[in-house]
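K.L.:
What follows is the residue order along each chain.
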Amino acid sequence: MPSRLPRITKTEAIVLRYRRLGDADRIVTLLTPHRGKVDVVAKGVLRSRSKLAGHLEPATHLEVVLAHGRNMDVVTQAQGLEGWPAIRADLDRLSAAMYLLELADRLTVEHAEAGAVYRHLHTGLARLARGDGQQVVTRTYELALLEATGFRPELAVCIACSEAVEASHASWSPLEGGVYCADCAGRRPGVSPLDGTVLRVLRAYQSQPYEEAGRIRLTDDLAARLEHVMHALMHAVAEREIGSAAFVSAARRARVNGEARAAEAAEAEADFEG
Amino acid sequence: MVFDPRDSDPRGGDSEPRGGDWGAGASPIQRLVDAFHRLPGIGPKSAQRLAYHVLRAPIEEARDLAGALIEVKQSIVLCERCQNVTDRSPCRVCADTSRDRTVICVVEEPLDVVAIDRTGGFRGLFHVLHGVVSPSDGIGPEDLKIAELLRRLGDVDTDVSEIIVATNPNLEGEATSMYLARLLRPMGLRVTRLARGLPAGADLEYADDVTLGRAMEFRQEV
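Read top to bottom, the protein sequences are chains A and B.
The working numbering numbers the first residue of the first sequence as 588 and each following residue consecutively.
The working numbering numbers the first residue of the second sequence as 143 and each following residue consecutively.
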């Protein structure tokens, strides 16, 4: 006698996003270690007395019980395992977490195995929450995600002639996902020069253990250049704009402008007192 | 000619096409069903019920409904100061000189103004953002009424000393409030956030860690 499919499933998951469904329900997109990305219905979560709502916020690691529905599974129980409150207390960390979630969402398809992406996302969020540098967390996450999904960028040898590429004379193409040597770059359209320091840092992030990579000191300017290169690569791989990337930059600009304004005010006050 | 409900039974046997022609060439009743169906939260059955209710109602009621729909689209504008929906600009709240003009409560949507005003506990001014930062949906800070807020703080509402950010306590609401704080604090303004914790009638056993942690952090003496 054939065994019947179980009517409920219990799984760990990370909430990627949600959208509204009717007056009080939501469709929640979860990333799970064994079932990949799944859309599930969370009923009544927009009501203030909902027992599920707080556990189903994006960037929450939770254990969830799903009842199998005709079209979509329905959340019957949810228990938060890690809410990472430190992420929600700082705009730079929060915007970075939004970016990590959006990348995981864009680079996975529903019901396809995504165990490695799940592990990288969990690690990335946990590192952000414990206060690791936003740049090293984000860049190493991007590179790990690209590797896990089969888009590992080639940063060491020319993707045209396979010769080793000197960092100071490198060019690159985000669409083709790799670097070119000086000879091959001249013969290719759509190839742009790549900053030598940026390439050295990316090579270190790709090849060194995380703890080693975290020791690399980045100036604000170098961090911005690194971010620009990696955002272009992720855009090319995802084949669409990554909205959170622009928000990460907007949040940083607001911080830099605020600090400059505060410094100006302090200077003016000192002048006045002097 | 006015529809007479006695001419046919709306619950069955009507001659309208089902599920096929919903375009401009469809019959008037099908277009009405289609129009109701486009409203949020209205499914196909509810749309049919509403359409047949309008059909059965006196012609005056239908005229009132049509008139109200047209009027709301033609006469409602955004208040030049607070960006709330209003029939005159500046709106009644912004024009009310008895309100506290040193504090502005920033909300996501016009309905949030109604909810906060109904409590009677806030007598300051409002500002409606018309959304929250939602990068994955392509909504960035530049798509909200943030520039309008900065402008009014610079020219009209220069006495403001505190901004209460009343966005929803979810990831996007938090991101929006922290982004606003980053813009407003360097201007010398006090930026506060609505208290977060357990809702009335909640059960501790089912509260999530973030909510319970904040309820503990912002506890009050009894």
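To be clear, the hints were calculated from the coordinates, so they are not data collected in a lab.
Note that the coordinates shown come from a computational prediction; the quantities given were computed from them, not determined experimentally.
Hints are supplied without guarantee of correctness; some may be wrong.
Listed next, the stretches of chain A that the computed footprint assigns to chain B, with coverage defined by at least 3 CB atoms under 8 Å from CB atoms of chain B [said to hold, decoys possible]:
1) 621-629
2) 644-653
3) 675-682
4) 775-786
5) 800-808
Restraint-style ranges between C-beta atoms, simulated for each label pair [unchecked claim]:
6) ALA823(A) / SER303(B): 43 to 49 Å
7) GLU700(A) / ARG241(B): 56 to 62 Å
8) SER836(A) / VAL364(B): 15 to 21 Å
9) GLU347(B) / GLU700(A): 31 to 37 Å
Listing some non-contacts, in silico: residues in chain A with all C-beta distances to chain B over 10 Å [unchecked claim]:
10) THR598
11) ALA699
12) GLU854
Using N, Cα and C, we set each Cβ at its ideal position, and we do this for glycine too.
K.L.:
Hint by hint, note whether the structure agrees.
P.N.:
Evaluated hints:
1. 621-629: The restraint on the stretch 621-629 of chain A is violated, since only 0 of its residues have a Cβ under 8 Å from chain B and three are required.
2. 644-653: holds (count 4)
3. 675-682: Three-residue rule met by the stretch 675-682 of chain A, so holds; n is 5.
4. 775-786: Coverage by chain B is violated here, the residue count being 0 at a Cβ distance below 8 Å.
5. 800-808: violated (count 0)
6. ALA823(A) / SER303(B): 43 to 49 Å: holds, 47 Å
7. GLU700(A) / ARG241(B): 56 to 62 Å: holds, 58 Å
8. SER836(A) / VAL364(B): 15 to 21 Å: violated, 46 Å
9. GLU347(B) / GLU700(A): 31 to 37 Å: holds, 35 Å
10. THR598: Answer for THR598(A): holds, closest chain B Cβ roughly 18 Å.
11. ALA699: Non-interface label stands for ALA699(A): nearest chain B Cβ at 20 Å, farther than 10 Å.
12. GLU854: Non-interface label stands for GLU854(A): nearest chain B Cβ at 14 Å, farther than 10 Å.
Comparing the model with each numbered hint stated earlier shows that hints 1, 4, 5 and 8 do not hold.
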